[in-house]
Amino acid sequence: MFKKILIANRGEIACRVIKTARKMGIQTVAVYSDADRGALHVAMADEAIHIGPPPANQSYIVIDRIIDAIKASGAEAVHPGYGFLSENPRFAAALEAAGVAFIGPPVKAIEAMGDKITSKKIAQAAGVNTVPGYMGLIADAEEAVTISDQIGYPVMIKASAGGGGKGMRIAWNAQEAREGFESSKNEAANSFGDDRIFIEKFVTQPRHIEIQVLADSHGNCVYLHERECSIQRRNQKVVEEAPSPFLDAATRKAMGEQSVALAKAVGYASAGTVEFIVDGARNFYFLEMNTRLQVEHPVTELITGVDLVEQMIRVAAGEALPFAQDDLQIKGWAIENRLYAEDPYRGFLPSIGRLTRYRPPVEVMAGPMADAGTWHGDAARGARAVRNDTGVFEGGEISMYYDPMIAKLCTWGETRDAAIAEMRLALDTFEVEGIGHNLPFVAAVMDHPRFTSGNITTAFIAEEYPDGFQGATLPEDQLRRIAAACAAMHRVGEIRRTRVSGRMDNHERRVGDDWVVSLQGAEFALKIAADHDGATIRFADGAAQRVTSDWTPGQPLAKLMVDAVPLVLKTAKISGGFRIRTRGADLKVHVRTPRQAELARLMPEKLPADMSKYLLCPMPGLVVKMYVAEGDEVQDGQALCTVEAMKMENILRAERKGVIKAIKAQPGDSLAVDAVIIEFA
Amino acid sequence: MKDILQQLETRRDAARAGGGPARVAAQHAKGKLTARERIELLLDEGSFEEFDMFVSHRCTEFGMQDSRPAGDGVVTGWGTINGRQVYVFSQDFTVLGGSVSETHAAKMCKIMDMAIQNGAPIIGLNDSGGARIQEGVDSLAGYGEVFQRNVLASGVVPQISVIMGPCAGGAVYSPAMTDFIFMVKDSSYMFVTGPDVVKTVTNEVVTAEELGGASTHTKKSSVADGAFENDVEAMAEVRRLVDFLPSNNREKPPVRPFFDAPDRIEPSLDTLIPENPNQPYDMKELILKVADEGDFYEIQADFARNIITGFIRLEGQSVGVVANQPMVLAGCLDIDSSRKAARFVRFCDAFEIPILSLVDVPGFLPGTKQEYDGVIKHGAKLLFAYAEATVPKVTVITRKAYGGAYVVMSSKHLRGDFNYAWPTSEVAVMGAKGATEIIHRGKSAEDIARLAKEYEDRFANPFVAAERGFIDEVIQPRSTRRRVARAFASLRGKKLSNPWKKHDNIPL
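As they're listed, the protein sequences go chains S and X.
The numbering used here numbers the first residue of the first sequence as 1023 and each following residue consecutively.
The numbering used here numbers the first residue of the second sequence as 74 and each following residue consecutively.
Bound conformation, chain S alone:
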């Protein structure tokens, strides 16, 4: 076994690899750019080597820098994580030349599968179903349009070297094909240093289901069943689960066996993932094979108990797989939610900044990983598992240079419902402040009836949230629980206020029992009867709820029991009540005496200022291109300018017909969020 390995990556995946390596007694070497000097993976590794300036194309994806770091550290093997150099055959070849083991598949397999056009041909040859598409290289935008016309819209335009939604566009007409080709090409060049693009039929109403395979260099290859990753936003996975609620045993077996056949066809050895599109009739089509550890691998680990990183390291060291196909059973259900530094209230645009508060839920060990002893890190054992793979910490900085994913929260339960229930609580408990993030959004998805029923497709988000996300709307029973909790909490706070020094003896304020709680447009009159253990809250209609909690004023997280069911609220004081965040909702809750409530009803409702005459910068970023000039008349949907943030090019479009009155930003300008870019007449 290796004595020392280097992790050619950053963020959560570097941390995750370090954990397994440490468990195996292997020394770890981290690499870092200037932006990651204080990053978590650097702190966790046994040693860390600086490899250059913040942009990945000057540090993390510069092969020579990594090779230098390997030489300097004396590492015997390299784990590439995902992204960056993980599927770069030149990197694997360079390692081979340097006599260093690559913790990944052989160079040939990467080459064969890394190129989507080649991989499709090989898959076809191995008897795997494929989606129609154009396999050749595309010279320019015009050719892209011609090809797209031939395949028939909608088409998917993809970076040949791409992955994770980067350099990928869907075009529904020729104009979009033209634009999509250009921006995919740019993104591909920036992100992967390879601007080749290909186009294929975009299968509507599909599910994304993928098979995890694991092969060694002794000819053994197994599949670790499937993961369903249908909850995607613009081809970026958000929620994953294993197993899929959709597959039957026969389909699972067929997909698994085809995946193994493909892996064997390319002489695969390591962990890999074969992605399929599955339609409503359970027909499945090969999409691509990812010759690396997948972001969402934890859900597979949670239901099989296999530590995939450990197996990758062992395979790279020449060991044979310790299990056969029949040993790999599915036990329980695992869900993963990806925490992105993307603001759902601003169209999911990237958010950067300082994590002023970052408190993930406490990890709990359970299920196959606990049974197999593959759980890494220390966690108490429980009935359901909570696992958080993260690369950030409170006080850390989310920079604009890298992927906006900052954590992967996973839960495991005996059933899908149990895993979802545990996830809801875990999300409510997860505190992230200082940046915009998608926790409220994934919390809303966890409560969505279509998700809970398992009736999902890759169009789920586009269909269910066509106008974006404005926060969840809670049902009345939930509002009542929150109202009861807030009334009890408010009362505790008010009683504390009456205990201030300097009050007039014998003329103290008495805090009453009658309150009116208003939230989400609803109003509840209620009466509190407090005792030693908590409070009984009786609503005007006679219904009563029992609230108990050890919450004290000022605590940002309130963990309560309402009628013996847990309720977790993120609380912040506002005038006359609380801002409450729970289950994807963001509410202003006012707790008032009946008289205060009566007077508050007289207060006018104030509308926010009209900013519709301005194009505001939706995220901090760099203006790359301006397509219009002052005085231009623009049509609804016309591209106005491109703003680059977090390596993604975002085309900002006109929301309605209008005339440009003034342009307030120029290409090259770095803009803050809500900075005015264009003023309309």
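Source of the hints: derived by calculation from the structure; they are not laboratory data.
Glycine included, each C-beta is placed from N, C-alpha and C at the ideal position.
Mixed in with the good hints there might be a few duds.
[What the hints assert, rightly or not] Straight-line C-alpha distance at most 25 Å; calculated SDA-like pairs for lysine to any residue:
no., chain 1, residue 1, chain 2, residue 2
1, S, Lys1628, X, Val328
2, X, Lys258, S, Ser1597
3, S, Lys1026, S, Thr1396
4, X, Lys292, S, Glu1627
[To be verified] Facing chain S, from chain X, some residues (calculated, C-beta under 10 Å):
no., residue
5, Pro94
6, Glu118
7, Gln158
8, Ser320
Assemble the complex: chain S is given as a structure, and chain X must be docked to it using the hints.
Same frame as chain S, now just chain X:
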């Protein structure tokens, strides 16, 4: 007998009805509450004791003898806020437009006198059309009496003004002399001369809102210390402020039970200061992480945002915070920030509220605008205020403390009790580059760069100052709350007085 009791109730009901249902409805239609409704929200339920309910004016000019409503347009009395006594007057716009008559003013004066005598804050809820023109000079005399009492009460009991409707002409000068002015957005305005006069005299066309609305006075003029969304919020927030303030200048600031460990460690503060010394960070994060329960009552949040002022609690006791804000103008001192902070420091000192200063200041803002407008004298106000303050003073330097601004910001030299510095701090006469260019004038750019690096290594740290005792201790950022809380705890018995004087002569 029963008739007499009944007669009292009838008269009371008439007085409580104010200007009658129509005027009350009009008041509500403007999004405003009535004088009595506001008092209900301001004071503890059932605690209001009214004075002078039946006072009415004595004017007989212009037919005024036919309209003598009970209370004369202002409701006065006392009550409690969380059990602590306060005096309050609330002008009733529904009665004669809340205009100030001789008797209206006399009612205000009565409760002001009592407040000063009994040592309780005065809260004024202003909603008045101005002087009662029919009374002429009697009305002016009334204002004068109120002004005199504002001045006598200043520094004796806290005075809080809330502008909840019009406040124009001479009327503005009573709030102007109180400790805090708050406004209600969209329904209040304050100005010495209104839009009509402005138009006549200067030809400027301006709306009342632009001339003297909440936005103008919280952002531009700094006349107001804060603005609230509506009357309900305003009353709730005044209650919250009163919770921080002592009742008078003979009492210690209030203490209340707290639910936050004084020794709470905040590891994230270790990374608050960015690696790049020119990159800003949000000083408010430090304030919130030091404060009990993250509770901060900011004063003048929208004005001179390069300095932050407001109240927090440490171990349940009120503390005034003054902090440079690197997010705005790099946290430098200028005319506005010096004036803002100086006034806040003097308020704290007057009312025995300890002061915590958080320092990251690169110096005073340069420029002709600043010099022509008198930054020398205005900057001196903050220096003066800190130097004369005898309350417990604890200072934490987080990053830059350069030049004269270092001395101003509650330094050891101005009788700072505890002067802490983070390891990231740089206590120096100025930035390395500037200093090197002066010391080594005429050297090549290359030499300057090298010498600046040497200067930085030697002086851009807290240790030179610590070697001299100007810094008492270099502390870990993560333990700031514990260190600061213990420092203030050790100063609870502090006794310090300045030489006897009639009063000082602060550069106004």
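Cross-check of the supplied hints:
1. S/Lys1628 - X/Val328: violated, 36 Å
2. X/Lys258 - S/Ser1597: holds, 15 Å
3. S/Lys1026 - S/Thr1396: Cα-Cα ~20 Å, so holds.
4. X/Lys292 - S/Glu1627: Given pair X/Lys292, S/Glu1627 holds - Cα atoms ~23 Å apart, limit 25 Å.
5. Pro94: violated, 14 Å
6. Glu118: holds, 7 Å
7. Gln158: holds, 6 Å
8. Ser320: holds, 6 Å
When held up to the earlier numbered hints, the structure conflicts with 1 and 5 and fits the remainder.
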